[in-house]
Amino acid sequence: MTAALLPFFIGIPFVSAGLLSIFGNRPALHVGLLMANLVGSMVAGFALVAHFTGSGPMAHGVALWPFGIAIPFAADMFTALMLSVTGLLSVTCAVFALYSGYATSQYLAPLLLVLVAGVNGALLTADLFNLFVFVEVMLLPSYGLFVLASRAKAPFRQIAGARLYVTINLLTSTIFLGGVGFVYGTAGTVNMGELAGLAREDNTVAIATAVVLFALSIKASVVPVHGWLARAYPSTSPAITALFSGLHTKVAIYAIYRIYAVVFDGDSRFLWVGVLLFSLTMIIGVLGAVGETTTRSILAFHMVSQIGYILLGVALFTEFGLTAGIFYLLHHMIVKASLFLSTGAIEIKYGTGTLGRVPEILKREPVIAVAFFVAALSLAGLPPFSGFVAKVSLIMASIQAQEVAAAVVMIVVSLFTVLSMIKIWSGVFWGGRTSKDQPEVEPGLPAGTNVGTLTRQQTEQLAQPTSRIGVGLAAPAVILAAVTLGLGLGAEMLMGLSQTAAAGLLDTSSYVNAVMNS
Amino acid sequence: MTIAITIGILVAGATYLFLQREMLRIILGFILLGHAGNLILIAAGGTDRREEPFGTPVDTSVVADPLPQAFVLTAIVIAFSITIFMLVLAVTGKDDDDTTEPHGDDDDPEFNVSTLPKGIIQPEDVTTQSLNMGLTDHGGSSRLDTTAQAAAPSAQQQGGAR
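For the record, the sequence lines run as chains D and C.
According to the UniProt record's numbering, the first sequence is numbered sequentially starting from 1.
According to the UniProt record's numbering, the second sequence is numbered sequentially starting from 1.
Bound-form chain D, shown alone (with noise of 0.2 angstroms):
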């Protein structure tokens, strides 16, 4: 595989976006090009990594035109691997929303290919400016997609969470762009190549990337900028909360590590501002998750308590901590995916995700019942799941490291973990709905039908369908949550190539100097 092929991560959906856009409503067309697309991409992905298993890092100048003119394209195992899973994710996902009948529109298919696009672009350029585009190109779609995947007409408070959202993104988006702009009056380029190491010997460009490192941060939202998450990604609909949670905050922490690991180069006098952020961004995030009551709004804000984990990985800035992070991050994204799916499937069948409002799930659905159980487990870190192997490794990197207090902070939040998981669990699945209480409370609105329209009667037969989860709706949370359950019991050879990854960003030389020989 040559470096050239690079780009055709972002120009083949491109095309095929533009080209769905063109021949209109076409289910089967729309259906056939996107999965093959998304699939192609993933598999691209998977012979990136046999790829980088042997050789080392590759770059691309586009069009050919020469270093410092030409954007570079650059792929090392760390983005091989991200490739892979963002892949995986974007297949699973889009089967779930095909089947949830959430997303009709003819527009999905075209979003969804620019917004993978956009994914692919944003871990695959080399250069700032670029990276700023690329994530708005990522973002444009996700707002149509955020408003497009209701069933009826979009209700009130997906306006809200859309409201939220997008000015939240475009206030991030400003920042970035503003420090984008701080870097390349300081630094003088916006190339990552030529900016190696500059932010280590000259405070000015230290200061110009933290600005790009703060916007960063409140895109993967880190403690005390996570408040948008929670409130906004539960209100789209399931399938586009999956989605989301899998790709946007985690393009983010893959842009802060490399952009630590290359720019800053490791520099340890600010490790320790990582360090205390993300254990507050542990706990908060977890302890928020406490006051929640539907599966959505609890998953959320144990997105942001594992988000700390994910970074604790970049700042201990050791071998054994970042890759300890990067498997951490592999896993948390096919784990968090597969729990919003399997819960995001009852949501869409029983018409609620609120917790003591649906039957009994256990009896009538094990299938996804065992999914949610082995997700689950697996998220709080128990064995045989990836979950243990990605904490273990985190608390003893971080104990080598000295960082004893994270360590402990790591331990603690693991058990209020479990508390959360075992609330949903008994609230979903055991739990359930029992006659005394419900004329007391009023029932669960279904997620994305138009509360204004329906009576009290309506919402009551939504909410107790007389037939099952289907396969479409059930594969998609199964299917990940085998892949934690594999990635449980060989955790080997992840653990291999993200030693690979974190080699690569621990000594950046060889992808520097094949970023400055594109």
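It is worth saying that the hints were derived from the structure and are not from the lab.
Note that CB positions come from ideal geometry on N, CA and C, so glycine has one too.
One should not assume that every hint holds.
[To be verified] Chain C stretches covered by chain D per the calculated footprint, using a threshold of three residues with CB under 8 angstroms from any CB of chain D:
no. : segment
1   : 35-47
2   : 65-75
3   : 82-91
Dock chain C against the given chain D, drawing on the hints supplied.
Frame of chain D; chain C shown alone:
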């Protein structure tokens, strides 16, 4: 220096507008902030030591840097498209006050109007609020979230002012 002062004024104006209640004002704030961002990019090109690229011969070290201008062009297009999208969102809801909606799916099921203290919220305001949220057709008891509760008194004041 002129650019720095202009950026400061723009950011101050944007911050003021962000603190307003209406979505439309927030959008206007974003337009100001976008301009501030663009000016930062232009300033990053070294406007203090570079001049217009007029006349011959042209020495590339003293004429304007084209790269920040390309950045600004891209940023303008992106900000413009998102502004249009936000304007659509502003007119899609039933009123453009972005603080009165319920913020989640049944966040507080037990909370309904009958439990509200009389002093905090008046019955007629409750009706208006619920109408705005499209919730009145739904069963006998209207339901409000805590954000609506917080927003209600000020909405009342606004109504009085009008």
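Checked hints:
1. 35-47: Check passed, 8 qualifying residues.
2. 65-75: It holds, with 5 qualifying residues against the three required.
3. 82-91: holds (count 5)
Hint check: no violations occur; every hint is consistent with the structure.
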